[in-house]
Amino acid sequence: MIDIKLIRENFDFVKQKLVARNSSTNLIDQILDKDFQYRKQLLELEKYRAERNKVTENISKNPPNKADLIKEMQELKQKIKETEETIKKCDYTKDESLQQLLLMLPNLPDDSVQIGKSAEDNEVVKQIGEVKKYDFEPLDHQTIGEGLKILDFETASKLSGSRFAMLKGDGARLERALINFMIDLHTAKGYKEIFPPYIVDKKCLIGTGQLPKFEEELYKCGGNDGDKEQKEEEYLIPTAEVPLTNMHREEILNEDQLTIKYVAYTACFRREAGSYGKDTRGLIRNHQFNKIELVKFAKPEDSMAELESMVEDAGEILSQLGLTYRVVKLCTGDMGFSSSKTYDLEVWMPGEKKWREISSVSNCKDFQARRINCKYRKEKKPACSVGRLEYVHTLNGSGIAVGRTFAAILENFQNKDGSITIPKNLVKYFGKEKIGG
Numbered sequence: 011m012i013d014i015k016l017i018r019e020n021f022d023f024v025k026q027k028l029v030a031r032n033s034s035t036n037l038i039d040q041i042l043d044k045d046f047q048y049r050k051q052l053l054e055l056e057k058y059r060a061e062r063n064k065v066t067e068n069i070s071k072n073p074p075n076k077a078d079l080i081k082e083m084q085e086l087k088q089k090i091k092e093t094e095e096t097i098k099k100c101d102y103t104k105d106e107s108l109q110q111l112l113l114m115l116p117n118l119p120d121d122s123v124q125i126g127k128s129a130e131d132n133e134v135v136k137q138i139g140e141v142k143k144y145d146f147e148p149l150d151h152q153t154i155g156e157g158l159k160i161l162d163f164e165t166a167s168k169l170s171g172s173r174f175a176m177l178k179g180d181g182a183r184l185e186r187a188l189i190n191f192m193i194d195l196h197t198a199k200g201y202k203e204i205f206p207p208y209i210v211d212k213k214c215l216i217g218t219g220q221l222p223k224f225e226e227e228l229y230k231c232g233g234n235d236g237d238k239e240q241k242e243e244e245y246l247i248p249t250a251e252v253p254l255t256n257m258h259r260e261e262i263l264n265e266d267q268l269t270i271k272y273v274a275y276t277a278c279f280r281r282e283a284g285s286y287g288k289d290t291r292g293l294i295r296n297h298q299f300n301k302i303e304l305v306k307f308a309k310p311e312d313s314m315a316e317l318e319s320m321v322e323d324a325g326e327i328l329s330q331l332g333l334t335y336r337v338v339k340l341c342t343g344d345m346g347f348s349s350s351k352t353y354d355l356e357v358w359m360p361g362e363k364k365w366r367e368i369s370s371v372s373n374c375k376d377f378q379a380r381r382i383n384c385k386y387r388k389e390k391k392p393a394c395s396v397g398r399l400e401y402v403h404t405l406n407g408s409g410i411a412v413g414r415t416f417a418a419i420l421e422n423f424q425n426k427d428g429s430i431t432i433p434k435n436l437v438k439y440f441g442k443e444k445i446g447g
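Quick note, the sequence shown lines up with residues 11 to 447 if you use this note's numbering.
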């Protein structure tokens, strides 16, 4: 959530940033109008209270016109009551309509993010590894997986419909090996492993920014009328970012706790609304997929350095697996709703002959922290009894998407005879050096 004070005091700046994101400015105009009415009523209330105090003082002197003053006092009391009621309706912390408008505003891009309209304006920062050449025509991962009988989309479709996958035999084994490999690498770097619930309440999704704007992307759980414990709407998580970030909702952290680093493996569930007809083959865009997620809570002055560090941590997975990838800095028009700055990691897919996003790493600054009300107490200065409170900065990133890594291994390590060579650093997790052959 954007600070209402920033909108109030730097309206043109905020509007310019939203335009850079290709975001409509109608919302911010409505917010400013509501906020103006709110502040106008505050001034009115202050005026009426001052008048009431003056009349009260005059009444205490028992003047000849005391009856008129008492009548005036009653009128002022009524005006104060009506104005207080109006203020309650306009207060952004209590006015649901204003709160909804604020929740619909995306984060503001960092000054270091280049202005652009689409992915075409993104900047390739660096490439790690060389694009491998083959002495045969490489196949795409679905063709390879079905040929080896480790991917079964037909049975998955029979059970669940389109955009689902079933992994069999060495396919299931490879998925499990990748999960364990990734978790081990991240925990060795100081991330604390979490295994969170897959179902969260509405507040969690508001906190990370999926709600209220992107509800059509989510799987909502059907409530059981007989379940007295289910008092709020519940959803399947679209990413572990949601439960991990909300772990510190409505909390005040100590400065010496930061930076907090979490890693989690979860299944993720997305409707992929709006992607009809796009990436319908294979494991690229499924309704259910596995992902390793990284989340950090950092001090504002440290968050950009923590972003660069998280990019390196995600990239280390790909480097250890021997996969060629590149780091791309997203432009203002291609970033996610909650992000202030984002890097995508894209892996080379020889079967598809294209780069594919395999990780997205973002600094959300205080945008999510305001929505979940997570602050930290700065160390107190000698002249102060307690330290000042400040919002934390939150960061999140894929560390990395397991299914897409599975696909990348099939395509990059395929052999002419149809077999797959397991990457060297994955062999101890997988238990053998090849699939097929």
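These are computed hints drawn from the structure, not numbers from a lab.
It is possible that some hints are incorrect.
Below, computed lysine to any residue pairings styled on SDA-like, alpha-carbon distance capped at 20 Å [to be verified]:
hint, residue 1, residue 2
1, K142, S429
2, K91, I80
3, K364, K64
4, K50, I80
5, K64, K89
Label pairs and their calculated CB-CB ranges [unchecked claim]:
hint, residue 1, residue 2, range
6, V29, K363, 45 to 51 Å
7, L113, F21, 14 to 20 Å
8, G441, Y208, 26 to 32 Å
9, Y144, R398, 57 to 63 Å
10, K388, A129, 27 to 33 Å
11, G428, I138, 41 to 47 Å
12, Q298, N383, 29 to 35 Å
Every residue, glycine too, gets a C-beta built ideally from N, C-alpha and C.
So, going through the hints one by one against the coordinates:
1. K142 - S429: 17 Å, holds
2. K91 - I80: 17 Å, holds
3. K364 - K64: This hinted pair is violated, its Cα atoms lying about 76 Å apart.
4. K50 - I80: Violated, at roughly 27 Å.
5. K64 - K89: 15 Å, holds
6. V29 - K363: 45 to 51 Å: Given about 36 Å between the Cβ atoms, the range is violated.
7. L113 - F21: 14 to 20 Å: 19 Å, holds
8. G441 - Y208: 26 to 32 Å: 28 Å, holds
9. Y144 - R398: 57 to 63 Å: 59 Å, holds
10. K388 - A129: 27 to 33 Å: 39 Å, violated
11. G428 - I138: 41 to 47 Å: 28 Å, violated
12. Q298 - N383: 29 to 35 Å: 31 Å, holds
Comparing the model with each numbered hint stated earlier shows that hints 3, 4, 6, 10 and 11 do not hold.
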